[in-house]
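Residues per chain are reported as follows:
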Amino acid sequence: MSQPPGRFAQHLATEAWLVPEIDALLAPGVDLEELAQRAREVTLQRFGRAVRLFAPLYVSNACLSSCTYCGFSKGLDVARKTLTVDEVVAEARSLVQKGFRHLLLVSGEHRVEVSADYLMACVEALRPVVPSLSIETQTWSDDTYARLVEAGLEGVVHYQETYDRVRYGEVHTAGWKRDYDRRLASTERAAEAGVRRLGIGALLGLSNDWRADVRTVAEHAAWLQRTYWRTEVTVSLPRIKPSASGFQPLVPVTDAEYVQAIAALRVVAPEVGIVLSTREPAALRDGLVRIAVTTMSAGSSTEPGGYLAPGEAQEQFAISDERSPAEVAAMLEAAGYEPVWKDAFALK
Amino acid sequence: MLEIAGRSFSSRLLLGTGKFRSHQVMRDALVASGADIVTVALRRVDLTKAGEGDVLDFVPPGMTLLPNTSGAVDADEAVRLARLGRAATGADLVKLEVTPDPRTLAPDPIHTLRAASQLVAEGFTVLPYCSADPILCRHLEEAGCATVMPLGAWIGSNRGLRTRDALEVIVSQAGVPVVVDAGLGVPSDAAEAMEIGASAVLVNTAIAVAQDPVRMARAFALATEAGRLGFLAGRGAVLETAEASSPLTGFLQ
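Protein chains in written order, with numbering that gives the first Met the number 0: chain C, 0 to 347; chain H, 0 to 252.
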């Protein structure tokens with residue numbers, strides 16, 4: 000059973016879009032240096048010379064969804080693992096040792112192994128250890144978001160991957176994630192449950208028109224900000240990476256196009272946090288932080304248990320920037336930015 | 000001297016600590032500003048890193064620390080955060096910030112007043128960041144706040160004294176110091192605020208994101224002092240037409 004379209008899906012259908020000016024910035028042949036300079040101005044004004052750091056903590060790679068581009072996809076013959084709550088805490092402590100105070104709990108989509116109760120137990124156990132916690136898990140249609148917020152969860156991340164309905168159906172072949180509208184409306188449910196930070200994103204290279212995905216994710220951010228005014232919105236634009244799936248991007252997004260996408264997003268969405276993961280290589284990350292990126296992961300492992308016991312389970316994708324957290328922090332300082340490890344308080 | 004809750008401060012420029020490229024640059028700017036009071040976001044303070052690079056380690060000794068509740072989205076959070084701040088720093092001063100909208104960071108008047116009343120009752124010295132609203136400032140003063148801190152423009156915007164008309168009313172009626180907080184973009188904005196009678200100004204973004212934050216801190220210090228002197232000196236009347244400083248017909252007297 001598919002869910003009916005949510006409010007944002009209905010908004011998209013109206014074509015009365017909030018940030019149509021992004022089209023001109025995404026057009027081929029734009030003066031990229033000029034665009035980057037504009038983006039840098041906007042970023043400095045709003046965020047100053049400070050970049051938030053966080054680490055992903057993969058709690059499970061068990062998955063009941065089939066997504067043709069993902070290393071965790073159901074049916075792939077890979078080493079599966081779900082951490083116990085104690086193991087999650089141990090991984091978190093090792094990340095705290097490295098300086099992190101903001102962790103993103105990541106899992107595949109498995110409603111038995113990564114149940115709402117399991118996530119509740121993780122959040123409750125981690126609350127005294129880490130002041131800022133977010134999740135990137137399956138979407139929820141019950142009271143799970145509200146329960147997690149009550150337990151102290153700060154952020155929820157759900158990427159739509161691609162906003163192209165037809166392409167979405169081609170790459171999400173089975174499981175809950177197959178339901179485009181359920182996925183898209185999940186950010187609305189999370190915001191209504193009181194989630195403070197909402198992360199959205201598109202996986203560039205998944206559809207054959209990255210510009211369409213970038214303009215729609217910008218619209219999504221603008222619409223969420225307008226509709227749920229208490230919620231802080233972050234956007235991520237990962238590019239497809241090699242994984243156990245063997246998936247190849249339909250259309251590769253070049254580095255120059257990637258910079259254009261992120262700079263254009265910044266100009267039309269000055270208040271939006273832009274997140275960049277270790278999927279991208281060091282040189283590109285160092286360049287983008289000077290233009291528009293305001294939140295970065297560092298020293299990441301994408302396999303459950305990968306910080307303390309690497310190599311025992313399948314990773315989600317291969318990372319490119321393999322520098323340690325301290326090395327990334329040193330890069331930021333050398334570039335004239337303060338690495339912000341802690342940007343929240345534990346009140347619960 | 001600036002008097003806040005019975006304590007005297009020689010500088011009328013207060014500084015913030017966010018958005019600097021490094022803690023060291025922040026420290027140098029604080030020193031150059033001559034400020035006596037510096038505000039620090041409690042959400043950025045990491046007591047587990049005390050002594051090894053936390054922001055508090057870079058506040059020059061002798062400066063008065065003004066912990067702020069930035070990040071709090073309602074009265075309840077602000078109150079709990081202020082309590083944590085007092086437990087951590089021992090200071091009963093608190094800069095109250097309640098900003099439920101992450102886009103504008105506009106202060107919530109209702110929750111700010113509610114939190115201010117609660118914190119005053121708990122013995123805090125409360126300096127509330129607030130909208131430039133004369134009636135709200137009256138309420139905050141009556142609730143026992145030690146100052147009012149109306150905004151000059153949206154925080155971080157560098158847009159200058161956009162609320163000047165309201166600030167003039169607030170200054171004219173206030174029984175506590177009026178600290179213009181937020182939006183001041185260049186030193187002349189600080190001078191303007193002081194010229195209309197503000198007791199002090201608080202500046203952060205304009206200094207932190209300047210090409211040379213240390214020099215900009217010094218510039219704001221001079222402008223704040225100049226504006227204060229200008230206010231104390233008493234300006235001449237603003238006239239529609241010229242009035243010669245030496246009347247042309249003076250020889251007839």
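Quick caveat, the hints were computed from the structure, so don't treat them as lab data. Please note that a few of the clues may not be correct.
[Said to hold, decoys possible] Restraint-style ranges between C-beta atoms, simulated for each label pair:
| no. | chain 1 | residue 1 | chain 2 | residue 2 | range |
| --- | --- | --- | --- | --- | --- |
| 1 | C | Ser140 | H | Ile109 | 29 to 37 Å |
| 2 | H | Gly143 | C | Leu307 | 47 to 55 Å |
| 3 | C | Asp254 | H | Asp211 | 54 to 62 Å |
| 4 | C | Arg92 | H | Arg82 | 23 to 31 Å |
| 5 | H | Arg163 | C | Pro19 | 30 to 38 Å |
| 6 | C | Ala255 | H | Ala120 | 30 to 38 Å |
| 7 | H | Arg214 | C | Arg92 | 55 to 63 Å |
| 8 | H | Asp211 | C | Glu20 | 27 to 35 Å |
| 9 | H | Ser9 | C | Asp116 | 29 to 37 Å |
Beta carbons: idealized from backbone N, C-alpha and C, even for Gly.
Going through the hints against the structure:
no., hint, result
1, C/Ser140 <-> H/Ile109: 29 to 37 Å, "holds, 33 Å"
2, H/Gly143 <-> C/Leu307: 47 to 55 Å, "holds, 52 Å"
3, C/Asp254 <-> H/Asp211: 54 to 62 Å, "violated, 33 Å"
4, C/Arg92 <-> H/Arg82: 23 to 31 Å, "holds, 27 Å"
5, H/Arg163 <-> C/Pro19: 30 to 38 Å, "holds, 35 Å"
6, C/Ala255 <-> H/Ala120: 30 to 38 Å, "violated, 59 Å"
7, H/Arg214 <-> C/Arg92: 55 to 63 Å, "violated, 43 Å"
8, H/Asp211 <-> C/Glu20: 27 to 35 Å, "holds, 34 Å"
9, H/Ser9 <-> C/Asp116: 29 to 37 Å, "violated, 59 Å"
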